[in-house]
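I would like the entire structure built from these sequences, with the hints used as guidance.
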Amino acid sequence: MSFKEVYITKTASYLPNEPVSNDEMEEYLGLINAKPSKSRRIVLRNNGIKRRFYALTKEGKPTHTNAEMTSLAVRALFDNKTEGLTSFQLLSCGTSSPDQMMPSHAVMVHGWLPETNAIEVVSPSGVCCAGMHALKYAFMAIRTGDVETAVTTGSERMSRKMRSEVFKDEMLKLAQLEENPYISFEKEFLRWMLSDGASAFLVSSKKNDAGLNLRIEWLEGVSYANQMEVCMYMGSDKLKDGTLKSYMDYTPEEIMVQSILSLKQDVKLLSEYIVPLGGIKLKSLFEQKGLTANDIDYFLPHMSSEFFRNKIAEQLELNGLGISKEKWFTNLDSMGNVGAGSVYLMIDELFNSGKLKKGEKILLLVPESARFSYMYALLTVC
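With the numbering used here, you'll find the sequence shown wraps up at 382, consecutive numbering, no jumps.
Just so you know, the hints here were simulated from the structure itself, not pulled from any lab data.
Note that beta-carbon positions come from the ideal geometry of N, C-alpha and C, so glycine has one too.
Simulated restraints, written as ranges between beta carbons of each label pair:
id, residue 1, residue 2, range
1, Lys268, Asp79, 43 to 53 Å
2, Gly60, Phe307, 27 to 37 Å
3, Glu120, Asn294, 36 to 46 Å
4, Phe307, Lys207, 35 to 45 Å
5, Arg45, Leu318, 24 to 34 Å
6, Gly354, Glu217, 20 to 30 Å
See below:
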């Protein structure tokens, strides 16, 4: 069986509303227990984020759904909306923050695009890797000849989950118990990390003759969930033995009082394992594909925080893959951490920057701390 080449021929993004500065964050997310956060400045100093985007007003009113933002990113791919929106046969959408448990995220995005045809849609679940899983599904469908053209997306809308009222009942209960009425750091930490937005790729078996293309050479993934306990979770709580207790096994009162539906992260587990585990498969891929650091022109690592930049660089050196920092391209400081959409936003910015030259190679690294999964890809500018 012969396989087709697969190209990213166009990229686009949608970012809701005006950018929000560090000093404005609590105006949008609200005060917990009517007091400014003590940890906000510490977290922001370490993560290096200068601005982010929220799909809500300062009063906490949502301005967009995740599916709506994603559909707007898809629309931005096409100059001729009428013709463009009927040109693809597959819609593959990755996110960790769908607007509802059912129906799936991708069918809701499809619902915002009534001009499209009746097509296949797929919604990979997960966290940061979900956008890459969406891309890989499209890559495989085109490579095997199942479809000719696809649209893939990565998006998040986490801001509403970070609003202070989400933790109101927990604060009230703690105050009644005369305990320190602040949410634990594993919950508050993520309030200052996450951002909203969406980005989309047009993926095809045919190159765009009018401009640059990114040929997908390979897409690989790995999970260490067989070895590692859960690190980031939502809709559950982590017990002392490391297992998760589902929201379905809590009473409605417990769900509210304990903020079970909030997003949490085991920061110690994250710091210890996220970088070393990510280096194992990357080293193996370089050996398997016959690559060296000299072959890479741009390195796009998805980082939740600038705290990890030096750690990643040190791990690359340790594994004999030292990619000079001049080749690194990130936009965490200006976009924030958009989870499944972050790697899409980096590619979109680089693709439309005017910097790329034919023949250059772009290496992607996307870690997911949920239970330590990773996705990697190599793209060639053509």
